[in-house]
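Those protein sequences? They're chains A and B, same order as listed. Okay, so the first sequence: first residue is -14 according to the working numbering, each after it adds one. Okay, so the second sequence: first residue is -14 according to the working numbering, each after it adds one.
Read the hints as simulated data drawn from the structure, not as lab findings. Watch out, some of these pointers could steer you wrong.
Treat identical chains as interchangeable: a pair holds within one or across any two.
[Stated by the list, open to error] Restricting the straight-line Cα-Cα distance to at most 25 Å, the calculated cross-link-like pairs of lysine-lysine (BS3-like) are: (1) Lys147 with Lys76; (2) Lys245 with Lys169; (3) Lys245 with Lys0; (4) Lys147 with Lys169; (5) Lys14 with Lys245.
Below, each chain spelled out in residue letters.
Number of protein chains: 2
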Amino acid sequence: MNVLVIGAAGMIGSKLGRRLARDGSLAGKAISRLELHDLVPCDVPAGVPVGSSAGDLSSAGEAERIIAARPDIIFHLAAIVSGEAEQDFEKGYRINMDGTRALLEAIRASATRPRLVFASSIAVFGAPFPEAIDDCFFNTPLTSYGTQKAISELLISDYSRKGFVDGISVRLPTICVRPGKPNKAASGFFSNIIREPLAGHEAILPVSDGVMHWHASPRAALGFLLHAASLDLAAVGPRRAITMPGVAVSVGEQIAALRKVAGDAVARRIRREPDPFLESIVAGWPRNFAPRRALELGFTADRSFEEIIRIHIEDELGGRIV
Amino acid sequence: MNVLVIGAAGMIGSKLGRRLARDGSLAGKAISRLELHDLVPCDVPAGVPVGSSAGDLSSAGEAERIIAARPDIIFHLAAIVSGEAEQDFEKGYRINMDGTRALLEAIRASATRPRLVFASSIAVFGAPFPEAIDDCFFNTPLTSYGTQKAISELLISDYSRKGFVDGISVRLPTICVRPGKPNKAASGFFSNIIREPLAGHEAILPVSDGVMHWHASPRAALGFLLHAASLDLAAVGPRRAITMPGVAVSVGEQIAALRKVAGDAVARRIRREPDPFLESIVAGWPRNFAPRRALELGFTADRSFEEIIRIHIEDELGGRIV
């Protein structure tokens, strides 16, 4: 089978490409061809035959070009991130909304009906919230990024209902521990306070210990995408946007887990430097979910935040803590 | 003040144009200019100075042209109806989604910040439902029309949040009694079984008496739009899509109300001719709502289905029943 990953140069996309190339199969079938696409060139992993191309999904003819090989399964992970979509209104809508629509229109015109797995986000939700957000809670995004994700979900559901594609939108929790350098994303501290101390560096904690949030490891996120690719969508019905399970923990519980896994010396590398503006942004973010549908459909979260830390140590640090 | 009505040739749009021209004021201010726009030419009512034009909102330059006079309040009622949007996928998305976006983009480029009142629909909801749909229930449309309305709502909320427009989406109930000839809309029977007997004609009832639905008179719908135009949206906050109040009645209760208002001879003009296919379509439609936000914001529904019938007799039949 022929598999396409769009957004394959990103953090999750590159992990997914490597995993698919290594596994050599998906949904119980051998992968004959893996195509990787992003705005920038992708690393080409070893394993199955891999093609790679770079371009803007929203530009004329690009979506048609990248599905010309008639993929059986498409992972659509391409997006301008939240902060950039908020700063550059036009670019966010072009990539995150028009890009998805261009892909759907190219698929409709091709008269194929591939499985489409779309990486959506809990940013489709905006405060105020109930204590735990259930599967029937409405979308009131407080960012353009969240709006674009919610619109993409609606399009994918409608194109699926009409039989033009067989799509599913998986709303990913915040990915933690995000590997790489600290970045300026407002949510960066959730990962920084784990990754940096484990690497021997100091980390800044800009919010109070009581801030609760919804997390999944990169490994769990890959699991969601792969499971969504192989799921029987007849059981899902016409409601094709599904909130993924995660681990709801407070920052204080994150730090306690770090202390338990790596010791007090590591946990002491977190320095509290409150930022009231950032705290006010974070107050609008989801804290906790009751993702019953996803659990019933067999999506599996990390078991605890300790496990999330151990996964980071295994997958990113070769098992070693500095 | 300068007022624009887009979709002014439709049933609600033409009533709104006549009402604004007659009132001569809106939100406590005199109307200096009323501009009417539709795909087809509009009737020009007497009263305030009225301009009128015809064109496709989604075609290049049209949205810029119709807001060139910098309206203070815009009513956006233009849409391809549900059945046609379902049959002509491309046309539905072009008019109902791209048209709304073109309007929002023209407003953004104009650097004005008009009040935008968007006529949305309970078609943003799709079964299964709870007994009464509350204000936090999610949008899972089962038609392309409903999808396009839900996407328009999301866009209007995001453009409002960014300060490009001051928008509000009012989700209208099914309008009953719809004046004019019986049409082929799947929902047509809700009006047909009242309007036709009152005019001395037989009406076909294709569903069972237990079918419940959510209704508002044309007069109530105008009230919603006018109230939305004058409302203080600071009190509404960032959640700009609001389900309007209505009257939840079963078909049996509709008929009982008709009998009470117009007598048994009129009610006997309804002929039962069950259509299992239509009944299955209707089973996916909303039955009842708990529209608390709208009520708190001062939107007012009809008091009963009897009142809905009396409004039809007053406003459309000059008070006379055949």
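Consistency of the hints with the structure:
1. Taking the shortest Cα distances, Lys147 and Lys76 sit within 25 Å of each other only across copies (15 Å), while inside one copy they are farther apart (29 Å).
2. Proximity of Lys245 and Lys169 under a CA criterion of 25 Å is satisfied in neither setting, with 28 Å inside one chain copy and 68 Å between copies.
3. In this assembly of identical chains, Lys245 and Lys0 lie within 25 Å of each other by CA distance neither inside one copy nor across copies; the values are 28 Å within and 69 Å between.
4. Taking the shortest alpha-carbon separations for Lys147 and Lys169, only the inter-copy value of 22 Å comes in at or below 25 Å, while the best intra-copy value is 40 Å.
5. In this assembly of identical chains, the alpha carbons of Lys14 and Lys245 never lie at most 25 Å apart, being 41 Å within a copy and 66 Å across copies at closest.
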